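Visitor: Using the sequences plus the hints, can you model the full thing?
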Amino acid sequence: MAWRRPRIFRPKDVVCRDAVELVTAYLEGQLPARDRARLEGHLADCPHCTAYVEQMRTTVAVLGRARPEPVDAETRDALVDLYRRWQTS
Amino acid sequence: MAVETELLDRLRAGDEAAFATVVERYHAPLLRFAMTMVPTRAVAEEVVQDTWLGVVRGIDRFEGRSSLQTWLFRILANRARTAGGRERRSVPVDLQEETAVPSQRFNAAGHWTDPPAPWTDAVEDRLLASATAGRVRDLIDALPEAQRQVVVLRDVEGLTASDACEILGLTDANQRVLLHRGRSRVRSMLEQEAGEG
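Each protein sequence line maps, in turn, to chains Z and A. Under this note's numbering, the residues of the first sequence are numbered 1 to 89, in order. Under this note's numbering, the residues of the second sequence are numbered 1 to 197, in order.
Just so you know, these hints were derived from the structure itself, not from any lab. What you are looking at is a predicted structure, and each value in this text was computed from that prediction instead of being measured. Watch out, some of these pointers could steer you wrong.
[To be verified] Just the calculated beta-carbon pair ranges, DEER-fashion:
#, chain 1, residue 1, chain 2, residue 2, range
1, Z, ARG36, A, GLY14, 49 to 57 Å
2, Z, GLN30, A, HIS111, 22 to 30 Å
3, A, GLY64, Z, ALA44, 41 to 49 Å
[Unchecked claim] Partner residues aside, some chain Z positions facing chain A, computed with beta carbon under 7 Å:
#, residue
4, GLU21
5, HIS42
6, TYR52
7, VAL53
8, MET56
9, SER89
C-beta atoms are modelled at their ideal positions from N, C-alpha and C, and glycine is treated no differently.
Guide: So, in C-alpha cells, the structure goes:
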C-alpha cells in the first residue's frame, strides 16, 4: 500500500475572512507562492470571494479613471516665465 | 525612457516649449497630490508653486536616476511637509486593527454570511462612467490621510510601489497595508453606491 500524506498535516485552508485581507498582496503579485496557491484554491470554490476580488479590480479601475482638470493657460505661462527668468539670470 | 531623456536634455538647454509640456503634464497631478498632504487648496497651490521653483533651480542637478515624475512628487512631498510643519520622517501606519470588511459579515468559522452582490456589467459601467475627477476626489477625501496619499500615488497617478515608498518615506510592507486599507474602504463606498442603483 502506497504511503499517503496524512491529511492532518495539510496547511489550514483559507477562509473568506482571510481571503479579503490577501487581495491587495495578491493583485500586487506579492503573495508567496504557497499563499497564492491557497488563495487561488479558495477562489476556485468560492463565488463570493471571486466577486470580491473582481470588485477590488474595478475599484482600482475607477480610481485610475479620472483625469484632472488641465492647468489653465495663465498659470502655465506664469511658470514658463519663471523658468525663462531663471535660465537667463 | 528615451522620450524622457530627450525632454530632460531640452529642459536643461532652456527649451521653453519643453518646460511648458512638463507643466501641462504634471501641474494638475501635483496639485491633486498636494491636496492630500496639506489642509487647504490655497496652501496646496503654494506648495505646487514652490515645487516648480525647486524644479527650475534644480533641473541641472537632477541626474535622472528616478523618473521625472517621481522626482517632481518627491520635491513636492518635501515642500509639503515643511509647509505643513510636519517634520516627520515617514507616515506612521496606524497600528489599530482595521479589517477590509466588517467582521459582522462573516460567521464564526470565517465564511460570508452577508456576501458581496456581484457587480453586473451594467453596474461596472455605471461606476466607471461616474468616475469623474470630482467624484474620485470625494472618494479619496473620505480616506484617512496616510491611506489617501498612498492611494493617490498608486491608483490615481499610477506610480509603482517602489516610487510611492520613496516619495512618502514608507517601507514596502507599510505601503501595502495602507494601499490595502484605502482600496478596501473605496470598494465599500462603491458597494453602497452600486446597491443604490
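Visitor: Hint by hint, note whether the structure agrees.
Guide: The hints, checked one at a time:
no. : hint                              : result
1   : ARG36/Z with GLY14/A: 49 to 57 Å  : 51 Å, holds
2   : GLN30/Z with HIS111/A: 22 to 30 Å : 25 Å, holds
3   : GLY64/A with ALA44/Z: 41 to 49 Å  : 45 Å, holds
4   : GLU21                             : 6 Å, holds
5   : HIS42                             : 11 Å, violated
6   : TYR52                             : 5 Å, holds
7   : VAL53                             : 10 Å, violated
8   : MET56                             : 6 Å, holds
9   : SER89                             : 10 Å, violated
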